[in-house]
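Colleague: Chain by chain, the residues:
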Amino acid sequence: MRSRYSYLVFLLACVFIFSSEAQQISDVDIDRIKRSTVFIMQVSSENLSVTCVGTGILVRYDGLIATNAHHVVQSERCPGDTLIIALSVDNDEPSVPRYRASIIQANVGLDLALLQITQQFDGRIIERDSLQALPFVELADSDLVEIDETITVIGYPDFGNSPVTEVRGTISAFIGEPSGGDRSWLKIRTSDASILPGTMSGGGAFDREGRLVGLMTSAPTPPDPDSGNCTTVEDTNADGFINSLDRCIPIGDFISVLRPSDVIRPLLRSASLGLTLELLTSPRFQVSGESSTPEITNLFFSPSVVNGQPTTVLQRVPAGAESLYLFFDYSGMTPETVYEVRVTIDGLPNQTFSLPPVRWSGGTSGLWYIGSGNQTRPNGRYEYRVFVDGLLAATASVVVGGPAEDAPQFSNITFGLLDEQGNLTGSGYVLPTGNIARASFIHRNLEPGTVWTQIWSLDGRPIPEARISAPWQDTGDINTETIPLQAVGGLLPGRYRLELYIDDFLSALGEFIVAGSQAGPLARVFSNVEFRQADSPLSDPTVSPARTYPDGVNTLYIYFDWEQIAPGTLWTLEWAVDGTVFYRQTSPWNAVETGEDFTMRLSAPGGLPDGTYTVSLLINDILLASEEVTVGIGQLPIDRFAQAQGIQLRGQIVDAETGLGIEGATFLLISEDYSVADFTWRRDQLYALAITDRNGRFEIDRPLQFDSPYSVLIEVEGYLPIAADGYEITAETLAEIGGSPIEMLIPLVRD
Amino acid sequence: MLRIDSNRPTYLALRQRWAHYLTVFVALSLIIGGLALRSQIQSAVTRYVDTRIGIEAAYPANWLIETNVDDVAFRVRNMALAGYKSNIQITVRPVSGETTERNIGDQLALERSLVLTDYRVISVEDFDLNGQRAQAITYTYASQESSPFLQGIPIVVEGLDILLIQREQAIVITFRAQAESFESERHYFDRFLQNLEF
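Residue numbers (the numbering used here), protein chains in the order written: chain H, 1 to 751; chain C, 1 to 198.
To be clear, the hints were calculated from the coordinates, so they are not data collected in a lab.
Since this is a predicted model, take the numbers as computed values, not measurements.
Every residue gets a Cβ at the ideal spot worked out from N, C-alpha and C, and that includes glycine.
Watch out, some of these pointers could steer you wrong.
[To be verified] Partner residues are not named here, just some residues of chain H that face chain C (Cβ under 8 Å, in silico):
| id | residue |
| --- | --- |
| 1 | 89 |
| 2 | 91 |
| 3 | 377 |
| 4 | 584 |
| 5 | 664 |
| 6 | 682 |
With the rest of the complex left out, here is chain H (with noise of 0.2 Å):
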């Protein structure tokens, strides 16, 4: 009886009142982006002033924060050592300081970082799980995101003088790089063609959905007064003027590109889930550059991509090409190494096609590309020009136009063995060690007596006795030809390059790596791959091995042996959990040519979740080993909290009569399975629950879901509770009324 008494008071209490942003942008939940959006500031605890400054977005309920790598990671530039997370309260108001947080997870390279929010502004520790669920975006899939896709991207545009910002825009262009394949970056143009500052980077990028596509990123800047990126706002040297003797902040290079969201997601995935991984078998060689000064050499044009390398080299470019890359060979490269393309197009500057300053995302040395596809390109003579740490580095150019030419030319060079047929196996770019290799590649348009050229080199070193130069001869064969590499003594382990030249014009160039013993076609480089448990990170593993294992794990030890891998070889591991990569990385081998048990330790301080984890080796991105183990049900448990989507619930409850707010009132969400007749004050059953401020305002951490009936009980001392079952929003009902974030006015009835 009360609880039909209260619905219906529930019902005439309840005044909805719409938020105008969510009017002007209804098809982008803005609100709810808003709020996620942080003002990071890095902070000297010695001085506590602010070195370093950035934006950053909230990609889980439980604080954690996806950013730029450079303004949070202690550095030259950004020196300071304590991280403090201001939120946007108001969102027509300045962010405020909140709370502080650590780095988890940075890759220096691609200028990633994920923060966890750890400590109360005041340094208190924040008890896991006591945080208070805070607003969060997911994040797209931005393979799939399109050219002239319509974007809103947010951040804070200022040292955190000014509210969040949001900025409609497009993306214009993609741009592609090995660490990320076709789309390692995501060009974008604003539609009013303002410019983004530096200080934005860090923040996201989203979809029509509110969905996050990627992660704005610009390079760092020397925290240099007269760079024009550099602000001073405190007398840090304490010499009572504020001058250019003072520190400044830097605030980083107009933004145009985004680090797509497919990029977090490994570092999303092991951050969310707890997982650490550590490689225990000590490293035997530093692995460096053979120039501590970083070069750019060699630099050609290709047409296409295939395993990271190009299938052909192009002296001109025929009207109408989609696609092209620049390659070049790389040295003395490190993560923290600022590089930049600049492109023009007969001389005028073309931004479509240019790569802003952003961090070297590659390894020390090796070969390299930046390009793209499917994007028509006009006709005209392309220079491109790449920086290097600011400085011109090295240019090329290439004339695009003109009909495709009938030129002779070499393409698609793949490695491989002879088997008993004559034909060529293997998996084309890793061949075990032996004493032959052999390379096909396709000829087109050669006359019989066009002189070539093939130039074989391990390691960066020609090999002499492999250079062979002699007037093309017609073998028969449907454009294709089979070259051999033979060496004396057999193919040492390493990187090997082939380079095809027609008249001394560079053709084709492909690499290869020789590493491990023959088994069959391919190469057996990695082997014996083990699972063992131990009961903490410090405690033993067991001597069996074993694949499954069951709940509540804490950690696991992976073995596996290796077979004549020279060191500097690029090698690839990845970890997956329910096929979702959360681990890869690719670094020089720097352990011993060959040898067993090379060891890794994966744990989770509340032990490892339920899910099927896969551990794979690559070399060149071919797959080498792989295995699986389960832990549990061998899949992941569903996180409950993980939806960001929905509708946002707000409102006041005052008193009837006076109109003030209560402090202190409970507003319990009862999940959609019970009633209020059912809710037996059971944690569990709730929704949600929210207490009001002293302003009587409350929130809802979670967002509703359409089309669930929740029921609803409000309660306070001194005042008539109110109860009501099946508060439900569909669509149709949300968009009468508005959209969200729903605010409501709940009058209480003194009892």
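Based on these hints, arrange chain C on the given structure of chain H.
Modeller: Leaving out everything else, chain C in the frame of chain H:
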């Protein structure tokens, strides 16, 4: 002709008198019944049994219950209260044979000083928990539990821990309430302790 003399005393009929007595009796009965019912509602309890850690308790009805959250085995909160929600909780932690209640109290003080604002221990005393020796620690701190997006003002909270060691585990029974209403709410905790079995 019948005359009514207003100065003459009026005598009620027997039936009328009994009607008056009955009315008074019913009124008193209703008042007493109402008070009893109110008292019953206020003192109504819900039973809770946790075989995992071996406790059986009766907590006030309509307090919100949470179980097995981190190291808290049991927690109930009075959600009807305005301001800070008085709560009772039980935490269990493993101990060695040489650990004393005092050691546990010191551990709690160290941990809480990092987590709670202005945490202060007021007193440490011996306590008789249903015939068992225990230790009572009284403390205060400032609570700031509201959403970061709302305007919360810290509330001074008073807490009481009852520590005892049993079966190689330390049991910490805690009562917390707003400092101003700590004593008036204390009876909930006292009754909880009386009914606690482990």
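Colleague: Now, for every hint given, state plainly whether the structure supports it.
Modeller: Each hint tested on the structure:
1. The restraint placing residue 89/H at the interface with chain C holds, with a minimum CB-CB distance near 5 Å, inside the 8 Å limit.
2. Below 8 Å, beta-carbon pairs count as interface contacts, and residue 91/H has none with chain C, the closest being about 10 Å; its hint is therefore violated.
3. The beta carbon of residue 377/H is not positioned within 8 Å of any beta carbon in chain C (closest approach about 48 Å), and the interface hint is therefore violated.
4. Because the closest C-beta pair between residue 584/H and chain C is about 32 Å apart, greater than 8 Å, the hint is violated.
5. Annotation: residue 664/H was flagged as interfacial toward chain C, and the flag holds, the nearest CB pair being 4 Å apart, inside 8 Å.
6. Interface hint at residue 682/H: satisfied, since its Cβ lies 6 Å from the closest Cβ of chain C, which is below the 8 Å cut-off.
In this structure, the earlier hints numbered 2, 3, 4 are contradicted, and the remaining ones agree with it.
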